[in-house]
Amino acid sequence: MRFFDCNAFFGLPTHRPLLPVATAEMLLAEMDRAGIERALVWHIAQHDASPQVGNQLLADAIRSQPRLVGCWTVLPNQAHEFPPPKELFQQMRQARIGALRIFPNAHHFLADAVSLGELLAPMVTRRVPLFLSVRRGMDWASLYALLRDFPDLVCVLCDHGCWGEDRRFRPLLERYPNVYIDTAQYLLDGGLESLVADYGAGRLLFGSGFPESYFGGMMLALRHARIPDQAKAVIGAGNLERILAEEEL
Amino acid sequence: MISESALAREFWEMGKSVTCPIYDMHGHMGVWHSIYFPRPEAADMIRTMDECGVRLLVFSHHMALFAPDLGNTLAVEAVRQHPGRLRAYCAVNPNYPERLAADLETFEAHRDVYVGFKFLPDYHRIPLSDRRNKPAWEYANDRGLLVLTHTWGGSPFDGPAIVRDMAELYPRVKLLLGHSFHDDWDAAVALARDYPNVYLELTAVFDDRGPLEKFVAEVGSERLLFGTDLPWFDPHQAVGALLSAAISDEDRHNICHRNAEKLLAPFLGKSVQ
Numbered sequence: 001m002r003f004f005d006c007n008a009f010f011g012l013p014t015h016r017p018l019l020p021v022a023t024a025e026m027l028l029a030e031m032d033r034a035g036i037e038r039a040l041v042w043h044i045a046q047h048d049a050s051p052q053v054g055n056q057l058l059a060d061a062i063r064s065q066p067r068l069v070g071c072w073t074v075l076p077n078q079a080h081e082f083p084p085p086k087e088l089f090q091q092m093r094q095a096r097i098g099a100l101r102i103f104p105n106a107h108h109f110l111a112d113a114v115s116l117g118e119l120l121a122p123m124v125t126r127r128v129p130l131f132l133s134v135r136r137g138m139d140w141a142s143l144y145a146l147l148r149d150f151p152d153l154v155c156v157l158c159d160h161g162c163w164g165e166d167r168r169f170r171p172l173l174e175r176y177p178n179v180y181i182d183t184a185q186y187l188l189d190g191g192l193e194s195l196v197a198d199y200g201a202g203r204l205l206f207g208s209g210f211p212e213s214y215f216g217g218m219m220l221a222l223r224h225a226r227i228p229d230q231a232k233a234v235i236g237a238g239n240l241e242r243i244l245a246e247e248e249l
Numbered sequence: 001m002i003s004e005s006a007l008a009r010e011f012w013e014m015g016k017s018v019t020c021p022i023y024d025m026h027g028h029m030g031v032w033h034s035i036y037f038p039r040p041e042a043a044d045m046i047r048t049m050d051e052c053g054v055r056l057l058v059f060s061h062h063m064a065l066f067a068p069d070l071g072n073t074l075a076v077e078a079v080r081q082h083p084g085r086l087r088a089y090c091a092v093n094p095n096y097p098e099r100l101a102a103d104l105e106t107f108e109a110h111r112d113v114y115v116g117f118k119f120l121p122d123y124h125r126i127p128l129s130d131r132r133n134k135p136a137w138e139y140a141n142d143r144g145l146l147v148l149t150h151t152w153g154g155s156p157f158d159g160p161a162i163v164r165d166m167a168e169l170y171p172r173v174k175l176l177l178g179h180s181f182h183d184d185w186d187a188a189v190a191l192a193r194d195y196p197n198v199y200l201e202l203t204a205v206f207d208d209r210g211p212l213e214k215f216v217a218e219v220g221s222e223r224l225l226f227g228t229d230l231p232w233f234d235p236h237q238a239v240g241a242l243l244s245a246a247i248s249d250e251d252r253h254n255i256c257h258r259n260a261e262k263l264l265a266p267f268l269g270k271s272v273q
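Heads up: the sequence lines are chains Y and W, in that order.
Take 1 as the starting number for the first sequence in our numbering and just add one per residue.
Take 1 as the starting number for the second sequence in our numbering and just add one per residue.
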């Protein structure tokens, strides 16, 4: 069984965790131990310190690591803190960055068309995936509003929590065909099976939440879920590979 | 394959282990208002347990915790339908002390069902130390019963200071700290070190990377207990985390079954194989 983790980071957080994973090399060593083939990764400094500084740290760290694909963080661009979209996408292609993240709460902006329309419109056209972390402050009302404005956005909702969020994310899966859910923190017994039965295996991506969660928790849950092997294969790796192959940077 | 160990290989291939059965010391049962459960009832849960190698689940029914009209009746029925796989905590809701009095009066008649009591102070909004809980504590202390209480770091109802008082006052109770003061791992370590009757229960801890290694290093795996909140969390996720942690298979055996087997020995007849 192959695993392409859509949700892992490295780097030293501002507040020291129990088991920090400082470098891409340390991340890869843990991936080898667990049996993770590839990962879409970001650097914690993108959230904790500065998107621009973190993005550069990430690009430098993955340059010589072909098993790692990057996920940069972006901001609204009214203050010209980033290059325009066309140039940004070109930089992403050159740095092997396959997706983008936003952290509206931590970075003090609203995730809507007024703030982000200039970037999100071409992201929709080019099918560039946007990762949104509920754990890191993306609230559900904002998510709903964002998808109302950009219903065709390729969007991965991650870290949505372990205390029962199906009633919040299932309406989005029903309404918007390009919305995906990652498995990090989706600990619900029978949850994977229920989602696959209702929406198909194509809407779930394996995500670990590493290094805040272990790789092995959702690996074992997926391995022994009551779903067909083909469903496990696309959740484990195939869906993310398809999403990245479909984007046009 | 998660990690290089005999148990990891076995769980990866089979989904369960012949040599490492699991005693899940923190379960629930039934539907509840704030979450969709695909598998909330006893038969569903036992199928999950079979697939994951869970030999026994000790639980408190959601209705016993949240629907005083029903109390512990559904839990009693479930255990008596599945005596080889289930035991219950008698759930205490101190908002209704008269229900607790009735449960205590009939506790002896339910010794085939109960192993002790369950408290949920954060949800009932009454501190663990409140006088309305006292009859249950004294009953449990007199008889050396298990008490599983929800605990959470920083809570005014079941945080470290209050729970420490309970451990001090009731030394014959086997005190299981549900969620191990989640996020206040140092407090969990301190309490377990100071009181030999305190055990750290790991529900929701399995979703955090680091506390397992810390607990094993600073407390020892002999004081840790497996738990999942089933039907909330998939036991395979918990096992996968346990196999990922940088601890030994001996530690995993302690956490999955040896510690629970010792704690439960006085309460289990030959019905649990």
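Hints in this document: simulated from the structure, not taken from any laboratory.
Possibly wrong hints are sitting among the right ones.
Ranges of calculated distance between the beta carbons of each label pair, as one might list FRET restraints [stated by the list, open to error]:
hint	chain 1	residue 1	chain 2	residue 2	range
1	W	ARG193	Y	GLN90	55 to 63 Å
2	W	ASP50	Y	ASN77	51 to 59 Å
3	Y	GLY161	W	ASP186	40 to 48 Å
Remember, it's a predicted structure, so these values are computed and weren't measured experimentally.
The C-beta atom is built at its ideal place from N, Cα and C for all residues, glycine as well.
Enumerated hints in conflict with the structure, sorted upward:
Hint 3 contradicted; others consistent.
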